[in-house]
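The listed protein sequences derive, respectively, from chains D and W. For the first sequence, numbering that gives the first Met the number 0 begins at 0 and goes up steadily by one. For the second sequence, numbering that gives the first Met the number 0 begins at 0 and goes up steadily by one.
Incorrect hints may appear among the rest.
[What the hints assert, rightly or not] Cβ-Cβ distance ranges computed for the label pairs, FRET-style: (1) D:178 to W:285: 50 to 60 angstroms; (2) W:68 to D:183: 31 to 41 angstroms; (3) D:285 to W:253: 43 to 53 angstroms; (4) D:425 to W:239: 26 to 36 angstroms; (5) W:67 to D:57: 33 to 43 angstroms; (6) W:369 to D:81: 34 to 44 angstroms; (7) D:372 to W:369: 37 to 47 angstroms; (8) D:183 to W:236: 47 to 57 angstroms.
If you're looking for bench data, these hints aren't it; they were derived computationally from the structure. No residue lacks a Cβ here, since even glycine has one placed at the ideal position from N, Cα and C.
Residues per chain, in single letters:
Protein chains: 2
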Amino acid sequence: MTPLRVGLAGLGTVGGTVARLLVENAALIERRAGRPVDLRRVASRTPKPGAELGAASFDTDLRSLQADDVDVVVELIGGETAAQEIVSGAIDAGRHVVTANKALLATSGEEIFEAAARKGVSVGFEASVAGGIPIVNALRTGLSANRLDAMAGIVNGTSNYILTAMEEDGADFATALADAQRLGYAEADPTFDVEGIDAAQKLAILAALAFDAQIDFEGVHVEGISAIDIEDIRYARELGFSIKHLAVARLADDGIEARVHPALVPESMLIAKVSGVMNAVMAHGDAVGPTLYVGPGAGGLPTASAVIADLVELARGTLAVARVATRRLPNLGIDQVICPHYLKIPAIDQPGVFADVADVLSRHEVSIEAVIQRPQAIRSGVEPWVPIIILTNDVSEAVVRDCVAELGGLDGVTGDIARIRVADLSAMMPPT
Amino acid sequence: MTPLRVGLAGLGTVGGTVARLLVENAALIERRAGRPVDLRRVASRTPKPGAELGAASFDTDLRSLQADDVDVVVELIGGETAAQEIVSGAIDAGRHVVTANKALLATSGEEIFEAAARKGVSVGFEASVAGGIPIVNALRTGLSANRLDAMAGIVNGTSNYILTAMEEDGADFATALADAQRLGYAEADPTFDVEGIDAAQKLAILAALAFDAQIDFEGVHVEGISAIDIEDIRYARELGFSIKHLAVARLADDGIEARVHPALVPESMLIAKVSGVMNAVMAHGDAVGPTLYVGPGAGGLPTASAVIADLVELARGTLAVARVATRRLPNLGIDQVICPHYLKIPAIDQPGVFADVADVLSRHEVSIEAVIQRPQAIRSGVEPWVPIIILTNDVSEAVVRDCVAELGGLDGVTGDIARIRVADLSAMMPPT
Chain D
0 MTPLRVGLAG LGTVGGTVAR LLVENAALIE RRAGRPVDLR RVASRTPKPG
50 AELGAASFDT DLRSLQADDV DVVVELIGGE TAAQEIVSGA IDAGRHVVTA
100 NKALLATSGE EIFEAAARKG VSVGFEASVA GGIPIVNALR TGLSANRLDA
150 MAGIVNGTSN YILTAMEEDG ADFATALADA QRLGYAEADP TFDVEGIDAA
200 QKLAILAALA FDAQIDFEGV HVEGISAIDI EDIRYARELG FSIKHLAVAR
250 LADDGIEARV HPALVPESML IAKVSGVMNA VMAHGDAVGP TLYVGPGAGG
300 LPTASAVIAD LVELARGTLA VARVATRRLP NLGIDQVICP HYLKIPAIDQ
350 PGVFADVADV LSRHEVSIEA VIQRPQAIRS GVEPWVPIII LTNDVSEAVV
400 RDCVAELGGL DGVTGDIARI RVADLSAMMP PT
Chain W
0 MTPLRVGLAG LGTVGGTVAR LLVENAALIE RRAGRPVDLR RVASRTPKPG
50 AELGAASFDT DLRSLQADDV DVVVELIGGE TAAQEIVSGA IDAGRHVVTA
100 NKALLATSGE EIFEAAARKG VSVGFEASVA GGIPIVNALR TGLSANRLDA
150 MAGIVNGTSN YILTAMEEDG ADFATALADA QRLGYAEADP TFDVEGIDAA
200 QKLAILAALA FDAQIDFEGV HVEGISAIDI EDIRYARELG FSIKHLAVAR
250 LADDGIEARV HPALVPESML IAKVSGVMNA VMAHGDAVGP TLYVGPGAGG
300 LPTASAVIAD LVELARGTLA VARVATRRLP NLGIDQVICP HYLKIPAIDQ
350 PGVFADVADV LSRHEVSIEA VIQRPQAIRS GVEPWVPIII LTNDVSEAVV
400 RDCVAELGGL DGVTGDIARI RVADLSAMMP PT
């Protein structure tokens with residue numbers, strides 16, 4: 000049979016693993032694909048002596064992959080400018096593309112899919128979201144009978160590792176981050192992961208696919224986990240919640256809600272139990288109801304598994320041709336979100352303060368679902384204040400913002416008020 | 000565009016829902032499929048006045064679906080003989096087939112796939128296992144880069160509903176079963192579900208797909224949940240486990256292990272938290288590592304979602320052509336399984352009995368990992384005995400069988416010994 004001829008750009012962790020698997024598992028992959036999937040050319044600006052490339056040729060010029068003996072270019076160099084050039088060059092030359100590049104797809108996905116549609120080539124991007132979990136495939140085909148209306152996920156393994164370590168080991172954020180860096184789960188500059196940018200890019204890709212809409216990545220509301228205090232995690236637990244870094248998207252009548260932020264998730268929900276570097280995506284469809292997908296979200300092998308799945312589909316001729324989203328829906332913005340909130344209010348331990356707090360909430364018509372306030376003596380250390388923990392009922396962003404501003408101005412309130420949204424996922428997934 | 004012309008056999012819950020969705024969601028499905036998916040003919044031995052069939056013709060003769068104006072026959076009548084005739088007839092006539100019929104595939108899948116391969120037609124069977132969860136798609140394509148080596152699942156919603164009700168509400172088996180029947184989760188004759196036959200059929204289909212092997216359905220070890228006592232569930236919980244009805248398959252060097260039975264699952268694992276009629280499948284691949292898929296396992300809408308997903312793939316031309324498993328591997332049988340066991344030994348509450356029990360286990364070189372024995376006074380009711388609960392370490396079937404026989408012969412043991420395997424899924428899925 001005619002082989003599918005692969006040109007591979009990038010020999011980092013994922014690229015090196017893809018090359019190795021294509022060589023080592025050639026027989027298995029041929030059986031699954033129905034024809035050989037041959038690694039023909041590899042290009043990397045930095046040579047990697049010792050990389051297992053089989054019979055493939057190597058070049059430090061990335062443009063070498065535009066040669067005629069390549070059917071599909073696998074882009075695994077990351078970043079945006081050079082990656083964009085490789086991908087555009089490949090599509091213009093009539094080659095299929097497989098990429099794990101979430102940044103590229105989140106910001107330039109539309110142009111890429113349009114160019115691919117014009118050329119009639121496919122763009123595989125299973126590896127760009129949630130590593131080895133075949134979630135793109137599930138959304139593209141497995142759930143194709145459904146009008147998908149909501150999704151929520153834990154799509155950044157670094158943040159989930161840190162939050163899990165804080166919850167399970169009682170580590171503070173800085174210690175958990177340092178551990179994650181030591182173990183290779185976080186970069187030296189962790190901003191991209193812990194501030195939610197990575198998760199927002201993945202959410203933009205998933206939501207575009209699920210809702211068949213062009214998603215304005217800039218419009219995704221993004222908050223990271225760096226402000227989460229170990230105390231918040233303890234209080235949340237006491238109230239029956241885990242704090243998770245969630246990516247949430249909903250299709251509403253008047254647009255799309257897309258947001259990434261820490262959230263209190265009821266411990267009764269499966270996704271609250273997804274720990275460490277595992278990823279999880281919940282997707283809700285009108286026919287299927289709630290579904291959940293869990294697996295390793297990063298790493299050489301899981302990501303390579305997703306890249307090769309796209310190659311197998313290409314070889315079979317079953318990878319859907321790139322489809323340009325048919326509609327652009329307004330991004331509703333965070334102000335449209337209504338949900339319960341967790342508030343931690345640092346207060347002087349004296350009569351009347353709680354009454355003042357309750358009064359502010361009452362005047363804004365915010366109901367209190369739960370309160371925790373401990374006698375000062377129980378608190379260790381030297382803080383001259385006690386935290387008042389309040390779980391509100393459903394409240395809009397505008398109202399909660401006003402409340403927090405007003406609460407901050409009270410005489411008895413001594414510092415910044417922490418607020419964390421409570422995830423209402425009951426429509427997406429029944430409790431366990 | 001040329002439509003994909005559908006002939007539908009069966010107008011029960013699933014068939015009726017498929018017909019309705021094809022008519023009501025025609026525009027959405029056409030957008031996903033790239034061309035119309037038209038319901039042309041419907042056949043059902045019993046007419047269903049009021050069923051929403053759009054422009055489709057209706058006939059009580061199932062053979063009417065072999066007409067020339069049908070591209071794919073959707074078989075949703077269930078059972079084996081008539082279903083087999085419809086499916087074989089359709090394939091012989093060069094039609095594609097989509098079926099939800101697990102019994103048919105578990106027992107005659109091989110012939111069906113061989114016939115389809117000869118005719119070059121596709122057989123879609125996403126709906127035959129785990130309802131709306133796109134697990135067949137995940138195994139066929141999403142994880143195609145992997146050598147899959149292990150899977151475990153909760154694939155019978157009826158049994159999971161009953162076990163959940165027993166665990167959460169303290170209901171006994173008979174009460175929980177009656178509830179399930181009242182709610183429509185269990186048939187009047189529940190044997191097929193609660194004795195594990197349904198789960199074994201689904202396991203045979205999944206394992207054949209995952210391991211690319213012909214699976215001898217008769218060789219799957221099958222035990223149901225009817226012998227599970229509410230007391231077992233309470234003791235298991237005390238030891239940190241949930242009792243789940245698991246379908247487990249492993250690819251070993253010398254064959255395939257395939258078994259369906261109740262098992263103690265550590266509460267730290269996600270799958271232990273999958274409750275009610277939800278299904279879940281864990282699949283482990285050498286590249287991706289552990290993955291988990293959760294969703295509704297039955298019901299008209301979730302199953303219809305899976306049926307229509309296959310139709311969309313057919314319309315796109317991306318449904319993999321039926322592939323005959325390339326190898327037949329020996330079924331290792333339950334005697335090859337080594338795992339820890341839970342034993343409940345009814346014993347007279349007098350000195351020396353525990354020593355005799357411990358002696359039997361010791362002579363068979365079975366280590367005791369945990370013991371629960373309560374003073375008799377705590378036990379309510381009139382039983383003249385106390386249960387001794389023992390959690391063993393890894394032990395083979397032969398040894399545990401010998402132990403149980405010998406323990407049953409002890410003077411101080413007053414009745415049948417309950418034994419339940421402990422699931423060792425750590426290789427498949429990291430604890431939460």
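Structure versus earlier hints - violations, ascending order: Numbers 1, 2, 5, 6, 8 - these are the hints that the structure violates, sorted from lowest upward.
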